[in-house]
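J.: Line order of the protein sequences matches chains A and B. Position 98 of the first sequence, counted from 1, bears residue number 98 in the numbering used here, the numbering being contiguous throughout. Position 88 of the second sequence, counted from 1, bears residue number 88 in the numbering used here, the numbering being contiguous throughout.
Careful, some of the hints might be misleading.
Claimed, not checked - Now the stretches of chain B that chain A is said to cover, found in silico as 3 or more residues with beta-carbon under 8 Å:
(1) 28-41
(2) 102-115
(3) 182-192
To be verified - Once the Cα atoms are required to be at most 30 Å apart in a straight line, the calculated DSSO-like pairs of lysine-lysine come out as:
(4) B:K15 x A:K162
(5) B:K94 x B:K35
(6) B:K94 x A:K53
(7) A:K53 x B:K35
(8) A:K162 x B:K11
(9) B:K94 x B:K183
(10) B:K183 x A:K162
(11) B:K176 x B:K94
Rather than coming from a laboratory, the hints here were simulated on the basis of the structure. No experiment lies behind these values; they were computed from the predicted model shown. Backbone N, C-alpha and C define an ideal beta-carbon position, used for all residues, glycine too.
Spelled out, the chains give:
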Amino acid sequence: MNRTESQDELYQNVAQEYGEALARMVYAYEADAELRRDLSQEIHLALWRSLAKFNGRCSLRTWVYRVAHNVATSHVVRQAKGRSVGTFLTLEEAEAQAGIEDVEDSADRAQALGRLFTLIQQLDPLDRQVIMAYLEGLDAESIAEITGLTAANVWSKIHRVKNVLVRRFHRGDRNAL
Amino acid sequence: MPCDELPDGLKTLWKEAGMHGQVFLPGQLRMEAEKLRASLRRTYLIVSVGYSTAVATYAFIIFNLHYLHNTLMLLGSGLAMLAFGYLVIESLAKRARALPDLGETDGLRFYRSELERKRDWHRGLPWRLQMVLVPLILVGLGAAQMLAEISTFFALVILSWAAFVLVVIGIWGPVKHRRVARKYQDRINALDSAVRTAKIGS
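Use the sequences and the hints to build the structure in full.
T.: Okay, here's the thing in structure tokens:
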């Protein structure tokens, strides 16, 4: 099998295995439907191109998540255009704001999910990576490998992520979850 | 449901989001990659044609100024050409720089480098604007001097244009871009401080 064929096959396997996770990721990075389509295509294109260089020094999962998050981060920074880069919330800021937010009671899972995506879209890109990897069920070591943070740093962020989620969702989603 | 269990409930909800994973055909992706390359080639072509046109215009101006003997306009247009040439070469060199390998670069390093890139662009812009401003003002003053001999009104129009250019490019532009650069720097500082704090705490 030549290099191009193996790259194509690897891409198709990756897209099958991580396609849903990538779609959720795109949704959480971009609120606008048209830009979401562009971002999704950009991620898949970058993934396909990068797989030609995949050398096995890290796991395929780490590689896929790194490529996808890096493309999405670039997209977010590009879209922010400086004006709103200062308005990204760090987890600490989100934690501080969570207490004062008046969340309406809601039994609707779709609404809860919508709020979750909105919350993630407000966060700083690096914190988005941690929160999404956490929601995908990755452990702290894997998240550390993807993000470049130390495992301790990831643990601390996950702790904050949990705090933010609990505070923001415990009233509204009591019945929904 | 008790609060402690909610994040796990959210994990389930997150996974149930019902997203359909997209799978593109490699042929489609190849076509997209080719489109991107074509668009890059187009940009190079536009820049090159633009630069050639500017050189031709400059030659025309020099030819005319040889008869007009207006030193300010001659100096201004010469400096404008030098500044423009420098900016074109700089922008082409920047485009050719190696991008970090997406799969090899972790999220923190990539995000930081994106913020630095944007900060540096906004930091460098006021200086680039000054490079363009000086020649423009010289050309404006030269034109006003030349026109004053024919009509005071037109000379005043040119002078007000020069003043407007001075305010927009010399004052408003740099202030705006320095402010944006500071925002990116603040974000970088916050990122570094969060990482440092976590390292100390661990």
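J.: Does each hint fit the structure? Answer for all of them.
T.: Evaluated hints:
With a threshold of 8 Å between beta carbons, the proposed coverage of the stretch 28-41 of chain B by chain A holds, since 4 of its residues qualify and at least three are required. Beta-carbon proximity to chain A at under 8 Å applies to 12 residues in the stretch 102-115 of chain B; the threshold of 3 is reached and the given coverage holds. Coverage of the stretch 182-192 of chain B by chain A holds. Counting CB-CB distances below 8 Å, 6 residues qualify, and the rule asks for three or more. In summary, the hint linking B:K15 to A:K162 is supported, as the alpha carbons are separated by about 17 Å, within the 30 Å threshold.
With a CA separation close to 21 Å, the supplied pair B:K94 and B:K35 stays within the 30 Å bound. Proposed proximity of B:K94 and A:K53 is supported: the alpha carbons are some 23 Å apart, at most 30 Å. Annotation: proposed proximity of A:K53 to B:K35 holds, straight-line Cα distance about 21 Å (limit 30 Å). This hinted pair checks out: A:K162 and B:K11 have alpha carbons roughly 11 Å apart, not beyond 30 Å.
With a C-alpha separation of about 23 Å, the suggested pair B:K94 and B:K183 falls inside the 30 Å cut-off, and the hint holds. For the hint linking B:K183 to A:K162, the alpha-carbon distance of about 28 Å falls within 30 Å, and the restraint holds. Using a Cα cut-off of 30 Å, the hinted pair B:K176 and B:K94 holds, with the two alpha carbons roughly 23 Å apart.
When held up to the earlier numbered hints, the structure conflicts with none and fits them all.
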